[in-house]
Amino acid sequence: MIDTLKFLAAPITLTILMAGILSYFGNHILSRGIIFIDIAVAQIAALGTMIGLLLGYAEESLNVQLISYAFTIIVISIFALTKFHKQVIPQEAIIGIIYCIGLGIALLLAERIPGGSNFISKTITGNLLWVTWGKVLECFVIFLVIGIIHLVFWKHFILISGTRNGLPYSLWRTRFYELIFYITFSIIIVKAVPGGGVFLIFTLLIAPASAATLFTDSWKKRFIWSWIIGTLGSITGIYLSYTLNISNAPAIVTLLGLVVFILAFIKLTARKLSLNNKNQAV
Amino acid sequence: MISVLDFMIAPFIACILLIIITSYFGIHVIEREIIFIDIALAQIAAFGSAVSLVINKLGISPHEDIHEHDSRTFLAYVFCLIAAGLFTLLKNKRIKIPLEALIGIAYAVATTAAVIILDKGAGSDVHIHDMLVGSILWVSWHQIIRLLIVVTVIGGFHFIFRDKFKGITLLYQGKESNTTRPKLWDFIFYFTFGIVIVEAVYVGGILTVFAFLIIPASTSALFSTRWSRRVLTAILIGCISTILGLYLSWVMDIPCSPAIILFLAVSLFISIIIKALLKLKTH
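Going down the list, the protein sequences come from chains A and B.
Our numbering numbers the first residue of the first sequence as 1 and each following residue consecutively.
Our numbering numbers the first residue of the second sequence as 283 and each following residue consecutively.
Source of the hints: derived by calculation from the structure; they are not laboratory data.
No residue lacks a Cβ here, since even glycine has one placed at the ideal position from N, Cα and C.
Hints are not guaranteed to be accurate.
Straight-line alpha carbon distances no greater than 16 Å define the calculated EDC-like cross-link-like pairs of lysine to aspartate or glutamate that follow [what the hints assert, rightly or not]:
no., chain 1, residue 1, chain 2, residue 2
1, B, K378, A, E138
2, B, K457, B, E315
3, B, K375, A, D217
4, A, K86, B, E313
Quick list of the computed label-pair ranges, beta carbon to beta carbon [said to hold, decoys possible]:
no., chain 1, residue 1, chain 2, residue 2, range
5, B, I399, A, F153, 39 to 45 Å
6, A, L244, B, I556, 33 to 39 Å
7, A, I180, B, I555, 25 to 31 Å
8, A, K86, B, I556, 31 to 37 Å
9, B, Y529, A, L179, 35 to 41 Å
10, A, I16, B, L514, 52 to 58 Å
11, A, L179, B, I525, 34 to 40 Å
If we strip away everything but chain A, and leave its shape as in the complex, we get (with noise of 0.2 Å):
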């Protein structure tokens, strides 16, 4: 058993922080309506490699990874100053389109780089368990960085994911404000996929938020409740997976998936029987 827990540490460790600061931002993605928004940038971020891989620079190298970030920090750039007083075209379909050109690009590169496929599912599954100590500081250092700055910013962030229909503040200082909002995500997003992979990071993001969000409108509530459910979710998913035996990032999604159904069906079935209850006493 002792065993098993220090072997499980690192994994364990890195998984709550993710969660910590996967399920703060989700409760912005969430109310924004750009649930996909992770997932175009793992993407961006893989192609940023393969270009940097094609400049001639080893794979891990500091060069990749500064092209890797440089990359994708102008896509979502890009993407922040698609913001409109009038939005013709959902933000969330810019996402889908930024996704799917970045895929077809990598497509195409990927014939022209040895094993090159290799990288489009490579971020798919993610290593959870081979995660070192270092890895997991170098992880808390930078969401420590990037959560004072959200911090500096909390009022702004809050109230620009609040407004559905037109501008909280002027154009340009809401896309401002934006620019920090993306490129502070985007920096998480690049740092937790290598370790977590995709599927563990959007589930890690969208889950706990819903979770909240179906039961409270209040921003402090949900943030507090997305912690606690999406860090309960990550340890009991790891523990089902070492009992189990199966890989332990598809055991949280799966995990996790499955209790905001359950939770949205027990919201209208509950709705329901208090309805049927107030007919029958009137």
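With chain A held as given, fit chain B onto it using these hints.
Okay, now just chain B, sitting in the frame of chain A:
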């Protein structure tokens, strides 16, 4: 030159059929803001196939005489039906989260659950690659006829009841609509859409179908709000991009799906520029 035509005529016809149906569905998808529904439905169908694969292996299948491929498609449709029911039920005012979030979660769960069931790691990247891009270049006439039947039946059905479906999409935008029995029509929408996606992905691959669905419909949104005009613009853009993409892939010897997607993207950028120029002129 003759050989190019011979070689390209089947993929070209398949693409045109796909474009005709996806241009129409794409507008619904964009207006409802359920952009990634096609990827989710395709993945859920694939999960259905995976389940039937496992059932066949365990030997507990009650229909042993059925051809393996048929039983796989059958379960894929059953899973699509369940998903259609799920999405219809959960599109409710009491569920305050956007439907796209639930679609996303369904997508993630279906994908990872398939991984758990099949419990495989090796060779999965080849599989993923095939599923994404498809093999539209090697489409057979048998597949095209099957696609033609699906497109005609479902396209015709949607044409006859177009006002009902438009009404439901208005409801999604929070507007008033006079469609009676919205839940039933919503369910029919998702189920017919699911059938189209399963058949289309079987021919063109997830990525191509996704591009056909989203990019032409987005481009047409720049120029018009009327449905008939939007569908026609989308079909036109799709056809031009397909011809150019297939030609480029032939000349430069690159895979054709990414080439078509690149031209769709180019057409979108040109349209944005035209739109900006038109705006400058009117001001």
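A quick look at each hint next to the structure:
1. K378/B to E138/A: violated, 36 Å
2. K457/B to E315/B: holds, 14 Å
3. K375/B to D217/A: holds, 14 Å
4. K86/A to E313/B: Between K86/A and E313/B the Cα gap is close to 14 Å, so the pair holds against 16 Å.
5. I399/B to F153/A: 39 to 45 Å: Distance hint for I399/B, F153/A holds at roughly 44 Å.
6. L244/A to I556/B: 33 to 39 Å: violated, 56 Å
7. I180/A to I555/B: 25 to 31 Å: holds, 29 Å
8. K86/A to I556/B: 31 to 37 Å: violated, 19 Å
9. Y529/B to L179/A: 35 to 41 Å: With a Cβ separation near 39 Å, Y529/B and L179/A satisfy 35 to 41 Å, so the hint holds.
10. I16/A to L514/B: 52 to 58 Å: holds, 53 Å
11. L179/A to I525/B: 34 to 40 Å: holds, 39 Å
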